[in-house]
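Participant: Read off the chains here:
There are 2 protein chains.
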Amino acid sequence: MLDVKDIYKDYEKYLDKDITVQGWIRSHRKQKEFGFIDFNDGTYLKNLQVVYDNTLSNFDEVSKMRLGSAISITGKLIKSEGTQDFELKASNVKLEGDSKDDYPLQSKGRPTREFLREIAYLRPRTNLFNAVFRVRSIAAYAIHKYFQDRGYVYFHAPIITSSDCEGAGEMFQVTTLDLDRVAKSGKVDYSKDFFNKRASLTVSGQLQAETFAMAYKKTYTFGPTFRAENSNTKYHASEFWMIEPEIAFCDLEMDMDIMEDMLKYVVKYVLDNAKEEMELFDKFVEKGLIEKLTKLINSKFTRIDHEDVITILKKADVKWEFEPEYGEDIAKEHEKYITEYFKGPVFIKNWPKDIKAFYMKQNDDGKTVAAADLEVPGAGELMGGSQREDDYDKLVKRMDELKMDKSSMDWYLNLRKYGGCTHSGFGMGFERLLIYLTGVDNIRDVIPYYRTPGNCDY
Amino acid sequence: MLDVKDIYKDYEKYLDKDITVQGWIRSHRKQKEFGFIDFNDGTYLKNLQVVYDNTLSNFDEVSKMRLGSAISITGKLIKSEGTQDFELKASNVKLEGDSKDDYPLQSKGRPTREFLREIAYLRPRTNLFNAVFRVRSIAAYAIHKYFQDRGYVYFHAPIITSSDCEGAGEMFQVTTLDLDRVAKSGKVDYSKDFFNKRASLTVSGQLQAETFAMAYKKTYTFGPTFRAENSNTKYHASEFWMIEPEIAFCDLEMDMDIMEDMLKYVVKYVLDNAKEEMELFDKFVEKGLIEKLTKLINSKFTRIDHEDVITILKKADVKWEFEPEYGEDIAKEHEKYITEYFKGPVFIKNWPKDIKAFYMKQNDDGKTVAAADLEVPGAGELMGGSQREDDYDKLVKRMDELKMDKSSMDWYLNLRKYGGCTHSGFGMGFERLLIYLTGVDNIRDVIPYYRTPGNCDY
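Just so you know, the sequences run in chain order A and B. Residue numbers for the first sequence follow our numbering, so the first one is 10 and each next one is one higher. Residue numbers for the second sequence follow our numbering, so the first one is 10 and each next one is one higher.
In case anyone wonders, no lab produced these hints; they're calculated from the structure. Just so you know, not all the hints are guaranteed correct.
Said to hold, decoys possible - Pairs of lysine-lysine residues, derived as DSS-like cross-links and limited to a Cα-Cα distance of at most 27 angstroms, are as follows:
#1 B:K14 <-> A:K196
#2 B:K426 <-> A:K117
#3 B:K39 <-> A:K154
#4 B:K55 <-> A:K426
#5 A:K193 <-> B:K309
#6 A:K403 <-> B:K22
#7 A:K426 <-> B:K284
#8 A:K196 <-> B:K426
#9 A:K206 <-> B:K206
#10 B:K109 <-> A:K415
#11 A:K109 <-> B:K415
#12 B:K426 <-> A:K103
#13 A:K426 <-> B:K117
#14 A:K154 <-> B:K206
#15 B:K201 <-> A:K55
#16 B:K201 <-> A:K206
#17 B:K39 <-> A:K403
#18 B:K323 <-> A:K206
#19 A:K154 <-> B:K277
#20 B:K14 <-> B:K41
#21 B:K39 <-> A:K426
#22 A:K406 <-> B:K109
#23 B:K154 <-> A:K14
#24 A:K201 <-> B:K196
#25 A:K201 <-> B:K206
#26 B:K415 <-> A:K14
#27 B:K109 <-> A:K73
#28 B:K273 <-> A:K201
#29 B:K196 <-> A:K403
#30 B:K426 <-> A:K39
#31 A:K18 <-> B:K154
#32 B:K284 <-> A:K154
#33 B:K284 <-> A:K22
#34 A:K103 <-> B:K103
#35 A:K206 <-> B:K243
#36 B:K39 <-> A:K55
#37 A:K243 <-> B:K201
#38 B:K22 <-> A:K154
#39 B:K154 <-> A:K277
Just so you know, these numbers come straight off a predicted model, no measurement behind them.
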């Protein structure tokens, strides 16, 4: 089965030869005695130009073929006299599957992204979304390749879970209880539920990944995670994919080394392996995208303490919407300022412990934790990592302070009793990376079928 | 950071040089003036032998170090006089994290798999499970590599879904309704639920993957799927990972070609890239495993109609527990017989339509569908695929016969209206593959944290 991509990769190999391709009509211009079809088989962003004329036995039928129809074409690949290098001179065109006049993707006008969300099952047939979801696939592979080439073990974290990583996250409940019967009976009996207890969808695989880091030294997750947060922003989805590496014998500095190295690798891999797609984004979605990403690959990321960031922000001659404060989180406007100030990506490290998660390594100052968030120009926070608390007593104390239920977490605590060690990890939201890579700045447009409050189609 | 794997890959590079490694004590034999540590850092199945003597400044401390403790060792890699090629002569041993005397993995005796399930968070530190989950990682990567190298687009199927692929599957419900409040109020109001309707965990990403096949020609999923089935067998888990490729312009014969080619590729990749692990399984879990797998790679898979299989079974001089019948499903004993009969893997194709799913292509005989299940010696069914029904009217008629709700499936039906074509796909349960690859024949032992009825720990 010949792919259009094969032809583009080395068209001279096929010149003046008879070939057969199968795919779809993207556009169709008909004249009285001949016609042109923009043909796409989905293996390559660019169309193959097909020409035919009235020497075809079924010329009349072919000239009526509609946009979106599936066809098989046999013909000779010839040098083109037009702007393209080559075109396919058809000797046989066969209809495989007709389309309809109400086919929603007509060639006139460019459909809005909002309209395309309503026909999400057809949007990968448009150039923009075809490029987005191909880049999604290529970036996913780049991530696997990065970690596998370096000896990391891919860990499938459980999706249904009875533990709650971040503390009081907003989680989806998973149940086989018949809710109508619950309503009728007037009580909830978890002993009748599938797992004999309350279960939820995971918000993070990190805690479980730590168990693998203590066995394999290097591990990573890449799987779906969930938040039942009632947020309707461009950056929030209820279901999204996360990458969560965990590394034993690794402190915060080494953790940042890995974050930086991995990001550069993935960005470079996508630039090298999705050239046409990246050019499309650069031209139509975010001017300067390729330059931005190339700059990232070649830059040294700044590393600076949270406290020093606040000092810089306080000194800045800017009227802030939110006043920067020591000991507090920073806002989008601060993130923006600080990446512009350092003219590149910035790791902000050693965060106030009260605004960070319980499992982060407490620094000797008693106030901060060994955590680092990566801020990148134009996108804000892209990853967050930390050294993990490896001191059993400190961890227990912190969990008690936060009134966390330790009863189902003994396995996690025990990692500190049975050969614990300095270890670190980080998390990267895959869709956040894709927004950064493509310039397509709504999370609904970088997931094939997005889930947000009130939306669960397909 | 030097990995033990690096040393094993090319130990001569490190001979007589000072190196530092970090990992855990797997076993420890102490003498009066020297000692041996079996050291493992998780990057390689085999241990590194470490020798130390009383020239160490902290000899007394080192000689008391416990099983499971995390340590850093600096020393010279030297030729060994024992059975190994090399060993590490320690000049410095530092305790990174102590272990306890109640550490559950003591070196005496081999713990049972049942016992290890109860401490699932520690079992990847044992040789067997270390090998299992590393093979899981390598096999996952092989699958990605196979499809990516051939231009398939990796598709993340939605996990939370409002459609039900197989008809009346047993699904987990996903909700943010407060069940206590549901019980109190006496009614279930889905307009208050997160998605404003009933939602479930996916049982298959196939239907959605078909939308990508119609855009990219070649696509595959690799993600978690769920069944709320109350089965407590060795082969059933409530949460498992599936691979579901979909290919446009592909009929059942081509589909079987791909299934066969992919399986051989993955098996070969694992044999080549997990040599030590496969040798361990061959030695301790399933004698003859490597021979079985090597035979698979080199065999041509038989392809035979379901009807002809029944004829063979009926003729067989065997007292069946379940009598084989035309038009009916086949049992485990039949699967076993038929792979032995053909001395290798067998595709059983053209199944009676009444026992197969609604989306399968109806053959012209009006009785069968263009489906093929792959049966392999020693494991039974490993994959199932089919050509998909591309005739809009036939598909609607079949869904009506099965009294399926078409209202939320218009997008699926529309694929047949807007440039549909001959297309096929298949599904492979990842854990089923792992059972076949490792010989470890309980699904609970090839998933890091398994979910079965009543079990949802971690």
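Participant: If any of the earlier hints don't hold here, list their numbers in rising order.
Facilitator: The structure conflicts with hints 1, 3, 5, 6, 7, 8, 14, 15, 17, 18, 20, 26, 27, 28, 29, 33, 34, 36, although it agrees with all the remaining ones.
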